Structure formats: C-alpha cells, structure tokens
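K.L.:
Chains as they are written, first to last, in my numbering: chain A, 1 to 117; chain B, 1001 to 1112.
Keep in mind the hints are simulated off the structure, nothing from the lab.
None of the values given here were measured: they were computed from a predicted structure.
Don't take every hint at face value.
Unchecked claim - Here are the computed lysine-lysine pairs in the DSSO-like style, where the Cα-Cα straight-line distance is at most 30 Å:
no., chain 1, residue 1, chain 2, residue 2
1, A, K43, B, K1108
2, B, K1055, B, K1079
3, A, K43, B, K1055
4, B, K1079, A, K43
5, B, K1079, B, K1108
6, B, K1108, B, K1055
7, A, K43, B, K1112
8, B, K1112, B, K1079
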Amino acid sequence: EVQLVESGGVVVQPGGTLRLSCGASGFTFAHYQMHWVRQAPGKGLEWVSLISGDGGLTHYIDSVRGRFTISRDNSKNSLYLQMDSLRTEDTGFYYCARDLSGSIDYWGQGTLVTVSS
Amino acid sequence: DAVMTQSPLSLPVTLGQPASISCRSSQSLVHSDGYTHLNWFQQRPGQSPRRLIYKVSDRDSGVPDRFSGSGSGTDFTLKISRVEAEDVGVYYCMQGTFWPYTFGQGTKLEIK
C-alpha cells in the first residue's frame, strides 16, 4: 500500500525557516517524480514544486522560487522542502504527492505550516 | 501557465439527483505523448485530495461508477449520475500537460 507521511509543520515567524519532510513507503521511491502541493486555509490547491526521481531536475512556482528548495534522499525514501524567508501568504497545509505521467495519483495527509508573528 | 476555470463554484444537489461540473482550460491539453492529461480530484471535508479520474475519463480503482469524466481539447466535464451523501466535498480539475501543473478553483458540492 502506498503511503506518504508529511511532518515538520509548525508555527513560525515571518522571515523564518522551516524544513518539511515526507516519508514514503509501499513503492519504489526512486522511480517516481514527487510534488509538494499546498492549500491555504479555506482555499484551493496550489502546486508548489516538483523533483525528478534522481533529484536532478526541479521545478518551482514563481512565488517560491529562490526561497524554497525541494530535495530527496532515495536511500531514506524521503522527500524534503526547505522553506526560507517565509511569508504570511505561505501559510497552509503542505501535501506531499506522487507523480504519475501528467497526474498525481497519491497524496499524503498534509502538514500545517503557519507563518505568523 | 494553463489557466483552469471551473463552474459552478457552488453546487447544491438533491440526494439521488445528477450533478455536473465543468472545467475549461486556457489552452488545449493534448500532450505531445498523445494523451490529454486532465484529472479530477475529490476533497472531502477534513481530508486530503483523492484522485477520481485521470486522462479525461479513466476512473481510479475503487471509484464508484456513478462518477464519469468526458471532454476534449479545452472543455471537460465531471458527472455524478446520482449524488450520495458521501459525495459532499470540493472537486478540483487539474491539468498535467504543461508545467506548472495547475488546478481549477474548486467546486463545492453540498446536499440541498
């Protein structure tokens, strides 16, 4: 059974730093591209970032490029999102999700990031 | 970026009645691989999203057959033949043809 479990969400001040983690199981992690998708409270879904299976290719939404860094450790079946220079508009649930050829087929339960003073 | 526009944004439906959600893309979603990467997701209250439909009309395992997807090019539709109480939630379309992947605004389905 595919499982994605996020962790690391906390309350942080504007300008602060946070690192999210996602542990994967039930599939060969290195074979899949992985996403981070976020959702502000009461709002819709917003794709944030993608990383290729070997970690060599990454994409970011414009609003986080230069502040967020996606990475992975295939030996640990883990996905990460390093979040720097956090803004209040970065508040929301962050979901780890698996890519499958133009789709997202599995989602984690999400971890809540709150950026507030 | 491909802009995805859903309608309606709110959808009150009587139990047992059909429901239909429209999703339009700002550009054709036909990929160079020949597939159209249009997906539908359901997000029940307090839960993470769950994929229902991929490649316009392919239904995921375990998804009831009352859910169906159709469309082509830029215009797509999710239909529920007979709405049940468990269908309450927000439905999103998402295109996976272009980077970045983009979502529609979401359609909130509620029971009348």
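K.L.:
Run every hint past the structure and note whether it holds.
P.N.:
Quick rundown of the hints versus the structure:
Annotation: proposed proximity of A/K43 to B/K1108 holds, straight-line Cα distance about 11 Å (limit 30 Å). Only pairs whose Cα atoms come within 30 Å are accepted, and B/K1055 paired with B/K1079 is accepted, the gap being roughly 15 Å. Of the pairs offered as hints, the one joining A/K43 and B/K1055 holds, with about 25 Å between alpha carbons and a cut-off of 30 Å not exceeded. About 23 Å separates the Cα atoms of B/K1079 and A/K43, which keeps this hinted pair within 30 Å; it holds.
Simply put, B/K1079 and B/K1108 have alpha-carbon atoms about 14 Å apart, close enough for the 30 Å limit, and the pair holds. Simply put, B/K1108 and B/K1055 have alpha-carbon atoms about 22 Å apart, close enough for the 30 Å limit, and the pair holds. Taking the CA atoms of A/K43 and B/K1112, the gap is near 22 Å; set against the 30 Å cutoff, the hint holds. The straight-line distance between the Cα atoms of B/K1112 and B/K1079 is roughly 17 Å, inside the 30 Å bound, and the hint therefore holds.
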